[in-house]
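Colleague: One-letter residues, chain by chain:
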Amino acid sequence: AQSVSQHNHHVILSEAASLELGCNYSYGGTVNLFWYVQYPGQHLQLLLKYFSGDPLVKGIKGFEAEFIKSKFSFNLRKPSVQWSDTAEYFCAVNENRDDKIIFGKGTRLHILP
Amino acid sequence: DTEVTQTPKHLVMGMTNKKSLKCEQHMGHRAMYWYKQKAKKPPELMFVYSYEKLSINESVPSRFSPECPNSSLLNLHLHALQPEDSALYLCASSQSANEGRHTGELFFGEGSRLTVL
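In order, the protein sequences belong to chains A and B. Note that the working numbering numbers the first sequence so that position 48 is 48, with each residue one more than the last. Note that the working numbering numbers the second sequence so that position 43 is 156, with each residue one more than the last.
Treat the hints with care, since some could be wrong.
To be verified - Listed next, the in silico BS3-like pairs over lysine-lysine satisfying Cα-Cα at most 27 Å (straight line):
#: 1; chain 1: A; residue 1: LYS100; chain 2: B; residue 2: LYS166
#: 2; chain 1: A; residue 1: LYS58; chain 2: B; residue 2: LYS154
#: 3; chain 1: A; residue 1: LYS100; chain 2: B; residue 2: LYS122
#: 4; chain 1: A; residue 1: LYS71; chain 2: A; residue 2: LYS100
Hints in this document: simulated from the structure, not taken from any laboratory.
The task is simple: from the sequences and hints, build the whole structure.
Modeller: Right under this line is the structure:
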């Protein structure tokens, strides 16, 4: 069974700091990978996604993620965070053959102004 | 704004009540999902419908009964729930894996917040 691990449960940063959130998955076959964000009081929305091709994917709001197949990882990065990035971030994985999409436990990011 | 609409936004029910949650999307997606999300926890997959047929049931108790009347609508019927079932219930849709253009990208509604007394 596929699983997703997020290593950082709660991250606190100051504005302008760099961010990297870890995500590892367990499935050895072809996968689709996602980062979703949930701002306080809002619904989940897609930040970025990887299906194939360039392993470095860029998303909205200056976020990017790198797929490293050998490490089963899909870490999320942002060079300089803003107070408005305060939110919960979920990594998700989908085996490229069915409709099952599984979420990691999430990382709560708090940016200090 | 999300293109997946869920009603009601809030629901309070007793353990003997029968109620339903509703979800609607008009993006032409053929896969629809129910997730359950407790506070400070990730969404947990409950059910997936693909082409109006139940394709995934994650061993959900029978007091939750999903229904997909057509490609745009998804219901979750609730009966004899327990207080621990209180949570945010999220509906989502996506292109189905069967469509050949499957991306797995989910479009979420804002959720129905359920409280069971």
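Colleague: Each hint should be assessed against the structure and marked as holding or not.
Modeller: Against the structure, the hints:
The hinted pair formed by LYS100 of chain A and LYS166 of chain B meets the criterion: a straight-line CA distance of about 14 Å does not exceed 27 Å. The straight-line distance between the Cα atoms of LYS58 of chain A and LYS154 of chain B is roughly 26 Å, inside the 27 Å bound, and the hint therefore holds. Note on LYS100 of chain A and LYS122 of chain B: the hinted pairing holds, with a Cα-Cα distance of about 25 Å set against a maximum of 27 Å. Proposed proximity of LYS71 of chain A and LYS100 of chain A is supported: the alpha carbons are some 22 Å apart, at most 27 Å.
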